[in-house]
Every structure is written in structure tokens, then in C-alpha cells.
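With the sequences and hints as input, model every part of the structure.
For the record, the sequence lines run as chains Y and U. Residue 3 in numbering that gives the first Met the number 0 sits at position 4 of the first sequence, and the numbers go up by one each step. Residue 235 in numbering that gives the first Met the number 0 sits at position 236 of the second sequence, and the numbers go up by one each step.
One or more of the hints may lead you astray.
Copies of the same chain are indistinguishable here, so a pair counts whether it falls within one copy or spans any two.
Pairs of lysine-lysine, DSBU-like flavour, derived with a Cα cap of 35 Å [stated by the list, open to error]: (1) K183 to K285; (2) K207 to K303; (3) K90 to K157; (4) K238 to K207; (5) K285 to K90; (6) K238 to K36; (7) K285 to K312; (8) K285 to K207; (9) K173 to K238; (10) K90 to K36; (11) K36 to K312; (12) K173 to K312; (13) K207 to K36.
Don't read these hints as lab results, they were simulated from the structure.
2 protein chains.
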Amino acid sequence: MEVDEVVRLPRLSRVAVCGGTHGNELSGVYLVRELLKGRKEVMEKKEEEEEEAEEQPPSVLTVLANPRAVLQCRRYVDTDLNRCFTHAALKGPLPGAVPYEMIRSRELNATLGPKGSPGAVELVCDLHNTTANMGLCLIAYSDCDWICLHIFRHLQRKMPDIPMRYIHFDVPHKESYSLDSVGKHGFAMEIGPQPHGVVRSNVYAAMKAGVQHMLDWVCFFNSGSTFEGEYVDVFTMIKHIDYPRDSETRNITAAIHPQLQDQDFCLLHPEDPLFQTFSGETLRYKGDEALYPFFINECAYYEKGIALSLARKRRVMVPAIRVQTERERQAHMEEEEEE
Amino acid sequence: MEVDEVVRLPRLSRVAVCGGTHGNELSGVYLVRELLKGRKEVMEKKEEEEEEAEEQPPSVLTVLANPRAVLQCRRYVDTDLNRCFTHAALKGPLPGAVPYEMIRSRELNATLGPKGSPGAVELVCDLHNTTANMGLCLIAYSDCDWICLHIFRHLQRKMPDIPMRYIHFDVPHKESYSLDSVGKHGFAMEIGPQPHGVVRSNVYAAMKAGVQHMLDWVCFFNSGSTFEGEYVDVFTMIKHIDYPRDSETRNITAAIHPQLQDQDFCLLHPEDPLFQTFSGETLRYKGDEALYPFFINECAYYEKGIALSLARKRRVMVPAIRVQTERERQAHMEEEEEE
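Below you can see the structure in the form of C-alpha cells.
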């Protein structure tokens, strides 16, 4: 690929903005409710006005993903919805007593997917919060999805006061497990720190701005803007580290060390303090490579056996992109038919 | 009362340290587990050694108050245990399907009380966490319990780096509802900010130090030290303020204003920003008296309809105190018998 080549990509006709995939991550819950209310107001206004012949923005689907968990203000009712979107979970036979979230993931796949099919929505943005001090992160399964990476750069430029990172979970498409994997492109927008079950104005406002800038970018893209190529830092997840645990009870015996707490994305070196046991002892990082910690002390990951995750940082060259013209699109389709 | 008079108070023979009254407030859960482990080690050591004739410290009862909620890492299973210690709840007839916490509160009352009886433990310290930025607070039902107030002053002196306040809930003894009301003296030790379901080393360490200093103080007191009289600031709870809510759905329509978030115990004046609606509007404090906000944006209080509480600050003269001698104790008992 030449650096100055402009990659042509299909139009993003439909964008899904999802919140409440985890029912106690409240910024997304309240933002989705606000967007639904706003859309109602917009539609009522439209009915009052005469239809004007102007360019339409992309069709936006706003989805409260796990309404039952939202009602109970819990992460999930039976099982973590955001692990129910693998091909196996969506296509396999359903067990006798089906967890609610296994049904809900198929409903969402029917609405926004089917995953991997031409009918899937072009872009899924799934809204999440974390108790970790992560700022705003886009989390995606690809380090070469130019749409996601250009949206990330747009948000970085538009929101210079918010620490922002792009996290890459290197998982094959079939095994990708989260709601955002249902779209042709997709990412989780993860913002913290915010306790689950709480909404903080600053975190809510950052999420609202992030979603608005994302939708603006899609409008610019669809209307034919060219976005220049540039380098982007990508944090690729390497491994998880669990808490020290009692061999009998499996209870944790230490918390994140105070020197590491809230230091997400600050390089962790071998022998740096990692945990402080409840009796006061310091335990150190025994890895042989300095890596970037994130999801440090995320509430929901105690049960998953994750005290923090570690990433390697790489610089990725993102090419310039532009939407396909109608002629390019048709040529592309003909090429595909010939193949 | 003369300022230089020394008030004589009965010995504190038994102290209860309770955690996990709310199962997802993890500093107390892990501290109680650590204390139970430590006590086992101490007892094993004692068995090895010869019994030595030295003064015994107070008998300490360490209690995991709501073990079922702890197992599920939830505030409670059926109902909030820390509202189940009114006289009515402890003595009234039990309904057909009895909530687990209504049974558990009676068990705890049998172990640590009975509430209001001569057999009750002398002091209950119940460990709590909050998502609010409250530092370390002692919360009690009395502004003239000299034991609690002297313990508070001792902690303030010993932990100068931790913001510390004494909160007074002005509720009659019979209506006092929380576990700490079962003891002859009692308080909640509330530390934040810490998300529920998370343990942060700094918050855990502050709680551990607070409990140790409290137990030290009880030893000093029992062994006959005199504690000088002095003034203490007491924050008396005046009222709660709920979130703005949608009249139909009862969903909240605003979050704590960013200028108020984390500003616990900073005076809130009439017309100061209070909430920011999800559409971005600022709502102001309409009270006519400047008051001190606390429990700002506490996670567990969304369901109770409390966005924050407001307190008035008063300076209370706490007299000098000293433990009763055996002769004073007997004279006191004879006086009571004569009456």
C-alpha cells in the first residue's frame, strides 16, 4: 500500500448506538434514553414541518441492549450479555433453561445483524463504563479497521482534554463475543472512572460528546470528505493478571497496589509494585517485559479473575480514506460477482 | 456541667467490629476476614505459649454481618439489613415470607444485644464504604455520646492525612435502624470514595488504621487514662434531596452537577449549581440556608431517593472523660438500685 493512496470504503448507511448492554453502566443507559427522547422530539418536529429535500444523515438505531438488567441496575440477569455474540452462542442449540441474555443476544443479532452478513448494520457503537481510570477508550477486534481508527482520531482531535486510547483485542472474528462485533464495523466506547450504578456528569458529558462527534464523522465520511492518513497508537491486549487468591476459599488476598491504582496506560516495568496484600505486604510484577496496564481494578472483572490487563503499544499507519462513489461501488460489486 | 469536670463512664468490656453489613462494601468485608484470620493466628500462638498474667485488652467480637450478601457481592439479598434494627423490626411479628435480612438482624441482635439491654456489647463499630468523596466519617445517632466523640478525636489526631468528620443522625433511639444501634455505644465508620464491589488499597488501609486506633483508644480508656475535654465539629443531618425525576417513569433526569460532584462537606449556598440535566441544563439549590452536603451521588441511595444529604455544622463541647473505678461503679449501681 502506498502511503498517499486513498482507500475507498463503502458508505455507512446505518449506525447503531447501544447502551445498557451492562445494566449498571449508567452513562450509556441515560445517554440512550436521552437520544431516544431527542429522536422522538425530532420526529415530532419533522411531522410539524414540511419535508425538506436535503441530504439525510445516516439512519441511527438507538438501542437499550439489556432492558431487564437496566431495570434491576445489575450488570446482567443470568449471564454476561456482552459474551453472547460468538458465532457458537448465536447459532448453537439452546440449552433447556435458556439464560435471558442468550435470547436477547439473538434478538439483537436479528435487529442489528445477522453478524457477518451483508444485512448487518455498517457500524455499532456500544457504550460502556468502567471503574478503572481509563479515560475514553475505543475497544475493537481489529487494528486495521480504518473506519474505527479514523473515528478514533477524529474524537482525539475534537476532545483534546480527555485522555483517549485505542485498544485492540486480537480475537478471530468468529470468536469475537461482544455486541459491537455484530456490525460490519464496531467498537465499544468505554469511559471511566465511574462506579457502576452511578452516573457522573463529567463521564456522561464525555460520552455524549464522543457519540456526537462519531455521528458527525460518519456524516462527513458519507458526504465524500477525504480523511488524511496518519499514525495511530494501538494498545494490543497481551494478557490478563488475576488477584492473588486463597487456595481454599478462592477469596482474593490482596488489592491493587496503591502505586498502581489509577495508573492505567502508565508503563508497568518488571519488579514494579503490583498488589498489596491485606496484611500489608507488597507483591511485584514478575513479567519480563514492560507493558501497559489497563482495566486496573475493574469491578466487574473480580468474578472473571482479572485484576488488570496488559497491552503492548504499537504505532499503526492508517491510510487516507474516502467513501466509494456510486460508480466505484458498482464496479466493486461486479468484481465480487466475477470472483 | 463544669468544663473542667471529668465525666466517669463505665468500662468498655466488649467491642464488636462488624463488616459486610452491605455485602458489596468490600473494605469492611476484607478487613473483617483479615481480623478473623489474625485472631486465629493469635489464638494459636497463645495456645503454644504459657498463659501470662497481664492485663487483657477488651474482648473483640469480629462479625461478618451479612454473609449471604457478601457471597453474592450485593448490598443485600432481600432488604437492606442496615434498616432492620429498629425496635419494631426486631420485636414485631414476622411476616409470612420473611426476608433473609429480617432473620439475620435478630440473630445479630441476639449476639451483640439485645438492643437497649444491659447485656448489649459496650461498643459496635460497623464498617461501611461509600462512592461519595467523604473521607472517613463516624456516623452516630448522638451528639453527646462522649465515647464516640473521644474516639473520633483520637482518630483525627492519629490520622491527620485523612479528611475526617463526625455525622449525627438525629433519630430517637427506638427508631434508630442500623446495626451499630445495637451496642450501648456505636457508630458506622464510613469511608470513601470507593466503588461498591471494588476494594482500593488506600481506602482499605485507612479503615484498617481507623479500627486499630479505635481499639487502642478503648485499651487506653479501660486502663484508666483521662482524655481531655475539647470542642468537636458535629455535622447534624437536616434533610435529603432527591434527583429530579420523570413524572411518569420515575427515572432520574439529571446527575449531580460537575461543580458539586466530590465536594462533600464544602458549604452549598442558595443558587449554587446542584444538578445537570441529561440535556445539559443546570439546576440550582433553592434552599434558603447554606448547608454542608454529604453522601453526594452515593450509589446505593438512588433507590432510596437521595441524591445528597445536607447537614448543619455545630461546635460541641466534649467533656474530659475517664473510666469508672471499681468503687465508682459499685456506688453507681447502688444508686441505681436505690432509685
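Violations among the numbered hints, reported as their numbers in ascending order
Violated hints (numbers, rising): 1, 3, 5 and 11; every other hint is consistent with the structure.
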